[in-house]
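Student: Here is how the chains run, residue by residue.
There are 2 protein chains.
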Amino acid sequence: MTDPATLTAGAAADAIAAGRLTSEALVRACLARIAARDGAVRAWAFLDPDLALAAARAADRSAPLGPLHGVPVGLKDVIDTFDMPTAQGSPVWAGRRPRADAAAAALIRAAGGIILGKTVTTEFANRHPGPTRHPLAPAHTPGGSSSGSAAAVADFQVPLALATQTGGSTIRPAAFCGVLGYKPSFGEMSRVGVLLQAGSLDTLGLVARDIGDLARLRAVLLRLPHEPVAAPASPPRLALCRTPQWDRAGDATRDALEDAARRLAAAGAKLADLTLPPALFGDWPATHRRIAGFECARNLAHERHLHRAALSRDLAEGWIRDGEALPLADYAAAQRRAEAMREWADDALAPFDAVLTPAAPGEAPEGLGDTGDSVFNALWTLLGTPCLTLPCGTGPAGLPLGLQLAAARHEDERLFATAGWVRRILPG
Amino acid sequence: MTDPATLTAGAAADAIAAGRLTSEALVRACLARIAARDGAVRAWAFLDPDLALAAARAADRSAPLGPLHGVPVGLKDVIDTFDMPTAQGSPVWAGRRPRADAAAAALIRAAGGIILGKTVTTEFANRHPGPTRHPLAPAHTPGGSSSGSAAAVADFQVPLALATQTGGSTIRPAAFCGVLGYKPSFGEMSRVGVLLQAGSLDTLGLVARDIGDLARLRAVLLRLPHEPVAAPASPPRLALCRTPQWDRAGDATRDALEDAARRLAAAGAKLADLTLPPALFGDWPATHRRIAGFECARNLAHERHLHRAALSRDLAEGWIRDGEALPLADYAAAQRRAEAMREWADDALAPFDAVLTPAAPGEAPEGLGDTGDSVFNALWTLLGTPCLTLPCGTGPAGLPLGLQLAAARHEDERLFATAGWVRRILPG
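The listed protein sequences correspond, in order, to chains A and B. For the first sequence, our numbering gives the first residue as 1, with consecutive numbering after it. For the second sequence, our numbering gives the first residue as 1001, with consecutive numbering after it.
Do not rely on the hints blindly, as some may be mistaken.
As the list claims (entries may be wrong) - Covered stretches of chain B, going by a simulated chain A footprint (3 or more residues, C-beta under 8 Å):
| # | segment |
| --- | --- |
| 1 | 1099 to 1105 |
| 2 | 1241 to 1253 |
| 3 | 1298 to 1312 |
| 4 | 1332 to 1338 |
Unchecked claim - Computed far set for chain B versus chain A, every beta-carbon distance over 10 Å:
| # | residue |
| --- | --- |
| 5 | D1003 |
| 6 | E1024 |
| 7 | L1053 |
| 8 | L1426 |
Since the hints were derived computationally from the structure, they do not count as laboratory data. Cβ coordinates follow ideal geometry from the N, Cα and C atoms, glycine included.
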């Protein structure tokens, strides 16, 4: 018999609905996998097997609530839960128990989902790493900041996990770990009860091993009816975007992206190049960093003033120091520049079903002191576009590479349809 | 001797810095005023005199921390404080004690300010009123949703208060109560630890009896050096904007606005009319409502699913029901429309130092079942512009009217300079 822990969320939900599987058996299988593997992977910040099993048994006794009925979901430990601590990756908040669920957690429970536990985040979803290791290569980073969510899904410890993204915190770890990651259009999903790092940039992120699972979780989080991912009526129009940072991509990434584009064109996709105008996009990394730093420094005011000694040097001497030093006029100028970039992107992306672009400079780098470079992610976060990464080959160390697809803002459904088509051509 | 409770925050801070006043004496004076008046006004959701006095005595013992040293501030009860409950105007969260300060509360404390207590909000900063009454006319609403903040400042119970605005929740109650209110440019001030009603619209709001006090509190909340409000180099360029809803303004409001414009022109202001193009702005109220409703319905997911019976009918049958029924495509279309309006406004407002427009249809209406109409506020909230209301004459019942000034996004400092000039011509 198949190990239930290896099922997709959709297959598990179907099996539970049909009476072929219980939520309890599924959760037990995930817990067994975690027990066997988490000493090496360390994806979980909080896990109470009895609590998860009690929720699973309650689901087994209950009428079907929704498309996640009985299915376990991991939550990045910056997302509040009323029945589990949420420590935000910081000793400041060790053991902190919020009174309310984040809206996302409440929507998952309302759809029948089981909150399995909380996954490791970097400190305050910023740069300072947590203990998680790459499931395939323990000397390598799993990426961050959503380290535990990506590693747990990749390692078959849970079929679905919630993440967040301010720079590249969902797409990069998903790509490193060889799973699918999705960052929704800015603004669509509620951030209530989610650590706010930079209000102008933050979104939730979704991690799964299957595109249908991402769509299922997206419907739950938007409180929309769950529908299968549509197949496009005709092969998609795609744009290859190397971004101004193409020289930061490794050879394997460049080859994988260009090879993917050739294979998709051979399968019928219409392919064009998309070049970002240098006058508008030349300083996009500084624009992103100014907005993120200015906001992050103020958002962490409580921690900065009452718990300064408990902050990592990475954070205190990084974004907080830079953000506090930035003049308001420079922040406002960065906001204006970002809006101009978004206006340009709205027009430039409209003719395409998706943009193809790297998910990261390469495979997960060796070393646990740094979660990798978000240079191929933060641009799209700044633009507010939906992004989705698919596994796409491997790098020189044999670790996964990611192919990132982005689309015009609020074209998330078109992005899913396109990604489904791409995945049939390039199954990974 | 002057009652310290009647001092502006600036005068009080100066007197404390000079050793002419103690924070304890100031806080005692505010508490005495509250004890005498709050039975009638009911502005406070939580007040612990001993806690406030302990903070005041600590300030009196401490070296000066910043521009609010020893000065009490009221916080709308949707803004978290680690040492006081934050109930969000709902029985769901009666007695809820957050573990952390909101960033705004932490920044006030770091600048030496005393959190005096929590002021009454409507339920979840939405429409359902709390118990607060108009300080000058107890049968009239003080406005909402920041009812207690506006009433407490107007009634000399505290010199400064924090509010929030999603539609008209700062500007309208400030205008009704005859005080100054300021809504900053969208995005500039941290919302960490503040109830999120609609992430695309919410900002903090500031309430005071003096324009310099608003500027002082703004500097603290942005972590900027505090500087006096600059005087403009020359009389300002002003635009009179009647908005498409001019027919909803009462005669007294129309007369007051047009009279103010004449007097400002006579004092040297260059005056023009600003007309919003009907094709773009014809449906702005629906655009605002769609965005607010879609987001509010999801943001309250925890309360909706676990505490449905404790929600008011106003809320459950209003924004939540409408927001849940709205298709995602309509929400996305509303977001696109709002962005087009903002682009137009960025250009149209740039030549002007400020727009003159009503703060409300008229004076505070009689009746406590409704906090009044936000039709002259929600447009500017949707546009993300900074807004500031100044008292400007009275209506037929003898209650205050407000003159609202708005400016282009991120031109908050220019707005303050212009408002200072206007206030010297029109002292109220």
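Student: Confirm or reject each hint.
Tutor: Quick rundown of the hints versus the structure:
1. 1099 to 1105: holds (count 7)
2. 1241 to 1253: Answer violated; 0 residues pass the 8 Å Cβ test.
3. 1298 to 1312: The restraint on the segment 1298 to 1312 of chain B holds, since 9 of its residues have a Cβ under 8 Å from chain A and three suffice.
4. 1332 to 1338: holds (count 3)
5. D1003: 32 Å, holds
6. E1024: 23 Å, holds
7. L1053: 21 Å, holds
8. L1426: 28 Å, holds
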